[in-house]
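Residue numbers (the numbering used here), protein chains in the order written: chain Z, 1 to 256; chain Y, 1 to 214.
Quick caveat, the hints were computed from the structure, so don't treat them as lab data.
Quick caveat, the model's predicted, so the values are computed rather than measured.
Glycine included, each C-beta is placed from N, C-alpha and C at the ideal position.
Treat the hints with care, as some may be off.
[Said to hold, decoys possible] Restricting the straight-line Cα-Cα distance to at most 16 Å, the calculated cross-link-like pairs of lysine to aspartate or glutamate (EDC-like) are:
{"hint": "1", "chain 1": "Z", "residue 1": "LYS170", "chain 2": "Z", "residue 2": "ASP92"}
{"hint": "2", "chain 1": "Y", "residue 1": "LYS213", "chain 2": "Z", "residue 2": "GLU150"}
{"hint": "3", "chain 1": "Z", "residue 1": "LYS88", "chain 2": "Y", "residue 2": "GLU116"}
{"hint": "4", "chain 1": "Z", "residue 1": "LYS252", "chain 2": "Z", "residue 2": "ASP224"}
{"hint": "5", "chain 1": "Y", "residue 1": "LYS213", "chain 2": "Z", "residue 2": "ASP145"}
{"hint": "6", "chain 1": "Z", "residue 1": "LYS170", "chain 2": "Z", "residue 2": "ASP33"}
{"hint": "7", "chain 1": "Z", "residue 1": "LYS121", "chain 2": "Z", "residue 2": "GLU150"}
{"hint": "8", "chain 1": "Z", "residue 1": "LYS170", "chain 2": "Z", "residue 2": "ASP75"}
{"hint": "9", "chain 1": "Z", "residue 1": "LYS106", "chain 2": "Z", "residue 2": "GLU150"}
[What the hints assert, rightly or not] Here's a subset of chain Z near chain Y, in silico, CB distances under 8 Å, partners left out:
{"hint": "10", "residue": "PHE25"}
{"hint": "11", "residue": "ASP35"}
{"hint": "12", "residue": "GLU82"}
{"hint": "13", "residue": "ARG90"}
{"hint": "14", "residue": "MET95"}
{"hint": "15", "residue": "LYS118"}
{"hint": "16", "residue": "ARG163"}
{"hint": "17", "residue": "PHE238"}
{"hint": "18", "residue": "HIS240"}
[What the hints assert, rightly or not] Distance windows between CB atoms, simulated:
{"hint": "19", "chain 1": "Z", "residue 1": "SER69", "chain 2": "Y", "residue 2": "PRO45", "range": "17 to 25 Å"}
{"hint": "20", "chain 1": "Z", "residue 1": "GLY139", "chain 2": "Y", "residue 2": "ALA211", "range": "45 to 53 Å"}
{"hint": "21", "chain 1": "Z", "residue 1": "GLU150", "chain 2": "Y", "residue 2": "SER42", "range": "44 to 52 Å"}
{"hint": "22", "chain 1": "Z", "residue 1": "GLY41", "chain 2": "Y", "residue 2": "SER42", "range": "36 to 44 Å"}
{"hint": "23", "chain 1": "Y", "residue 1": "PRO126", "chain 2": "Z", "residue 2": "ASP182", "range": "52 to 60 Å"}
{"hint": "24", "chain 1": "Z", "residue 1": "GLU242", "chain 2": "Y", "residue 2": "TRP49", "range": "27 to 35 Å"}
{"hint": "25", "chain 1": "Z", "residue 1": "HIS12", "chain 2": "Y", "residue 2": "ALA211", "range": "52 to 60 Å"}
{"hint": "26", "chain 1": "Z", "residue 1": "HIS208", "chain 2": "Y", "residue 2": "SER111", "range": "19 to 27 Å"}
{"hint": "27", "chain 1": "Y", "residue 1": "ASN60", "chain 2": "Z", "residue 2": "THR73", "range": "44 to 52 Å"}
{"hint": "28", "chain 1": "Z", "residue 1": "GLU82", "chain 2": "Y", "residue 2": "ALA189", "range": "49 to 57 Å"}
{"hint": "29", "chain 1": "Y", "residue 1": "SER42", "chain 2": "Z", "residue 2": "GLU19", "range": "29 to 37 Å"}
{"hint": "30", "chain 1": "Z", "residue 1": "GLY225", "chain 2": "Y", "residue 2": "ALA109", "range": "30 to 38 Å"}
{"hint": "31", "chain 1": "Z", "residue 1": "GLU195", "chain 2": "Y", "residue 2": "ASN60", "range": "56 to 64 Å"}
{"hint": "32", "chain 1": "Z", "residue 1": "GLY76", "chain 2": "Y", "residue 2": "PRO45", "range": "30 to 38 Å"}
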Amino acid sequence: MVADARPDSDSHDPLVVMEGVNKHFGELHVLRDIDLTVGRGEVVVVIGPSGSGKSTLCRCINRLEPIGSGRITIDGVALPEEGKGLAKLRADVGMVFQSFNLFAHKTVLQNVTLGPIKVRKLSKDEARERGMKLLQRVGIAEKADRYPAELSGGQQQRAAIARALAMEPKLMLFDEPTSALDPEMIKEVLDVMVELATEGTTMVVVTHEMGFARSAAQRVAFMDGGRIVEIATPQRFFDHPETDRAKDFLSKILAH
Amino acid sequence: MSVVFDNLDIFLEGMRRTLELSVLSFILAFILGIVVAALRVSPVPPLRWASATYVEMVRNTPLLVLMFVVVFAFPSIGFTYSYFASAVIVLTAYTATFVGETVRSGINAVSTGQAEAARAIGLTFPQSLRLVVMPQALRTVVGPLGGIFIALLKNSGVAVAINVPELTSAATQLGTDTAQFIPAFLGAAAAYLLLTIPSGFATNWLERRVAIKR
Ligand SMILES: Nc1ncnc2c1ncn2[C@@H]1O[C@H](COP(=O)(O)OP(=O)(O)O)[C@@H](O)[C@H]1O
Ligand SMILES: [Mg+2]
Chain Z
1 MVADARPDSD
11 SHDPLVVMEG
21 VNKHFGELHV
31 LRDIDLTVGR
41 GEVVVVIGPS
51 GSGKSTLCRC
61 INRLEPIGSG
71 RITIDGVALP
81 EEGKGLAKLR
91 ADVGMVFQSF
101 NLFAHKTVLQ
111 NVTLGPIKVR
121 KLSKDEARER
131 GMKLLQRVGI
141 AEKADRYPAE
151 LSGGQQQRAA
161 IARALAMEPK
171 LMLFDEPTSA
181 LDPEMIKEVL
191 DVMVELATEG
201 TTMVVVTHEM
211 GFARSAAQRV
221 AFMDGGRIVE
231 IATPQRFFDH
241 PETDRAKDFL
251 SKILAH
Chain Y
1 MSVVFDNLDI
11 FLEGMRRTLE
21 LSVLSFILAF
31 ILGIVVAALR
41 VSPVPPLRWA
51 SATYVEMVRN
61 TPLLVLMFVV
71 VFAFPSIGFT
81 YSYFASAVIV
91 LTAYTATFVG
101 ETVRSGINAV
111 STGQAEAARA
121 IGLTFPQSLR
131 LVVMPQALRT
141 VVGPLGGIFI
151 ALLKNSGVAV
161 AINVPELTSA
171 ATQLGTDTAQ
181 FIPAFLGAAA
191 AYLLLTIPSG
201 FATNWLERRV
211 AIKR
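One chain only, chain Z, in its complex shape (with noise of 0.2 Å):
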């Protein structure tokens, strides 16, 4: 059962469309039948048990993983195969990783303008300039000259955030971006989460931070078994749930 309600959503400019999307992992099958629509400017955040393809739905949408059958496209263009094309699509969409993933052999703001640079064919001093106020922005301007190691785990998040928007991308992904986090930490990185849904980016995230959800987010998605269960707004979805799997997962994580 797909919930087919899309509440709020302004998808009269969708920006983001998958249809009939199915992904297998050997026997696995991981996505069944995902139907969504982002629309520009919109903020989907994706919840559900872990194992339920939050991940790889997210993944898919940037094509670090192939899909089985179903369709994609991104501003009106379909994911192209692997390749120049993809390349190119990739630039325009962000991705922040639960893990980071900063380029360890590279100095936080080198990490900043390498895609600016050779992706984008910036000269070094525009790419320096525009991860300077790309850092100044995410508040770790002082740790340009830094390698990722020597940084904080929030910091290191807002750099891979900064990393992300050095592409000036149309979108953004988020896999569960504070989820490796110590506790005072994630309130940063959400901050600067917040910002950004303020001004209009479109963002999937994937998080189970119920207070982001709720301020950032235009309509939560609740996946299980690699489905999407529900689909509502925060508020709609999180005090009146209308399927039973959410209700008992809502129950699991408000608990404590």
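Knowing the structure of chain Z, use the given hints to seat chain Y with the ligands on it.
Relative to the frame of chain Z, chain Y with the ligands by itself:
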């Protein structure tokens, strides 16, 4: 041992030649080995097969046999080189297989998240290999690469079989001329140690210098 001390210049010249042969072969093997490793992890299957075939064929043939193949077989089909060039070709081809395998293990040791992050910002596969994965892989295999260089210094002695003047052939010549093989080869052993042991220290130093902060 006076044979050795009276003929120090012969040993010094031999060491110089051995070093020349080994350093030149290592530089070429390093470049070729990186290409071999890059092909080995390529998304294009035929490139992977070509690289694997090369590695398995060359690595599993005795060095001396390879040497004779290049010296005798290649000229018979129209390729001729000086003996020195032949020795460089063989040592390069042989050493590149070990460099290739070592660099590949370094590539595998780089977390997949690094390559994914590189692709996620729009780098192509070759770019992410060159700019993100390879620089980290090479840093982790400096130690093993130093070991390969030391093996190459010693392996270069098989060039004696095709009359390339280097340390082993210098000792052979001296032994023949003076009929004192034991001191001549003890001298050669000492001269090899003078090359290999400092190479080990240099490797350790370099390894610490390029280590990635973790
Ligand atoms: N590369 C992979 N190979 C095989 N199975 C995978 C792979 N990645 C994820 N899976 C499996 O697919 C399912 C969904 O995984 P994932 O999308 O990571 O879920 P979530 O992010 O919701 O925890 C899980 O059962 C997981 O074990
Ligand atoms: Mg996940």
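Hints, verified against the model:
1. Our distance criterion of 16 Å between C-alpha atoms is met by LYS170(Z) and ASP92(Z), whose separation comes to about 5 Å.
2. Between LYS213(Y) and GLU150(Z) the CA atoms are separated by roughly 8 Å; this keeps the pair inside 16 Å, and the hint holds.
3. With a C-alpha separation of about 15 Å, the suggested pair LYS88(Z) and GLU116(Y) falls inside the 16 Å cut-off, and the hint holds.
4. Proximity of LYS252(Z) to ASP224(Z) is assessed by CA-CA distance (about 14 Å); at most 16 Å being required, the pair is judged to hold.
5. The hinted pair formed by LYS213(Y) and ASP145(Z) meets the criterion: a straight-line CA distance of about 13 Å does not exceed 16 Å.
6. For the hint linking LYS170(Z) to ASP33(Z), the alpha-carbon distance of about 25 Å lies beyond 16 Å, and the restraint is violated.
7. For a cut-off of 16 Å, the pair hint linking LYS121(Z) to GLU150(Z) is broken: about 29 Å separates their Cα positions.
8. Between LYS170(Z) and ASP75(Z), the direct Cα distance comes to roughly 9 Å. Compliance with the 16 Å bound is thereby established for this hinted pair.
9. Using a Cα cut-off of 16 Å, the hinted pair LYS106(Z) and GLU150(Z) holds, with the two alpha carbons roughly 12 Å apart.
10. Hint on PHE25(Z) is violated. Least Cβ distance to chain Y is approximately 15 Å, over the 8 Å limit.
11. For ASP35(Z), the suggested interface contact is broken, since its CB lies about 24 Å from the closest CB of chain Y, more than 8 Å.
12. Proximity of GLU82(Z) to chain Y holds as hinted, the smallest CB-CB distance being about 7 Å (cut-off 8 Å).
13. Because the beta carbon of ARG90(Z) sits about 5 Å from the nearest beta carbon in chain Y, less than 8 Å, this interface hint is met.
14. Residue-level restraint check for MET95(Z) holds (minimum Cβ-Cβ distance to chain Y is 4 Å; threshold 8 Å).
15. Hint status for LYS118(Z) relative to chain Y: holds, with the closest Cβ pair at about 6 Å, below 8 Å.
16. This hint holds: ARG163(Z) has a C-beta 7 Å from the nearest C-beta of chain Y, less than the 8 Å allowed.
17. Taking 8 Å as the C-beta cut-off, the interface hint given for PHE238(Z) is violated, the closest approach to chain Y being about 30 Å.
18. Proximity of HIS240(Z) to chain Y is violated relative to the hint, the smallest CB-CB distance being about 36 Å (cut-off 8 Å).
19. Checked against the hint of 17 to 25 Å, the pair SER69(Z) and PRO45(Y) passes, with Cβ atoms roughly 24 Å apart.
20. Taking the beta carbon of each, GLY139(Z) and ALA211(Y) are about 29 Å apart, not inside 45 to 53 Å as hinted.
21. Our hint of 44 to 52 Å for GLU150(Z) and SER42(Y) is violated, since their Cβ atoms are close to 34 Å apart.
22. Between GLY41(Z) and SER42(Y) the beta carbon distance is about 40 Å. The supplied range of 36 to 44 Å therefore holds.
23. The hinted window of 52 to 60 Å between PRO126(Y) and ASP182(Z) is violated, with their beta carbons roughly 38 Å apart.
24. Distance hint check for GLU242(Z) and TRP49(Y): the Cβ-Cβ separation is about 54 Å, which falls outside the suggested range of 27 to 35 Å.
25. Between HIS12(Z) and ALA211(Y) the CB atoms are about 54 Å apart, so this pair conforms to the stated range of 52 to 60 Å.
26. Here the CB-CB span from HIS208(Z) to SER111(Y) is close to 24 Å, well matched to the stated 19 to 27 Å.
27. Taking the beta carbon of each, ASN60(Y) and THR73(Z) are about 50 Å apart, inside 44 to 52 Å as hinted.
28. The given range of 49 to 57 Å is respected by GLU82(Z) and ALA189(Y), whose C-beta atoms sit roughly 54 Å from each other.
29. With their beta carbons about 33 Å apart, SER42(Y) and GLU19(Z) fall inside the hinted range of 29 to 37 Å.
30. Between GLY225(Z) and ALA109(Y) the Cβ separation comes to about 35 Å, which falls inside the hinted range of 30 to 38 Å.
31. Look at GLU195(Z) against ASN60(Y): about 60 Å separates their beta carbons, and that is inside 56 to 64 Å.
32. At about 33 Å, the beta-carbon gap between GLY76(Z) and PRO45(Y) stays in the expected band of 30 to 38 Å.
Of the hints listed earlier, those the structure fails to meet are numbers 6, 7, 10, 11, 17, 18, 20, 21, 23, 24, in rising order.
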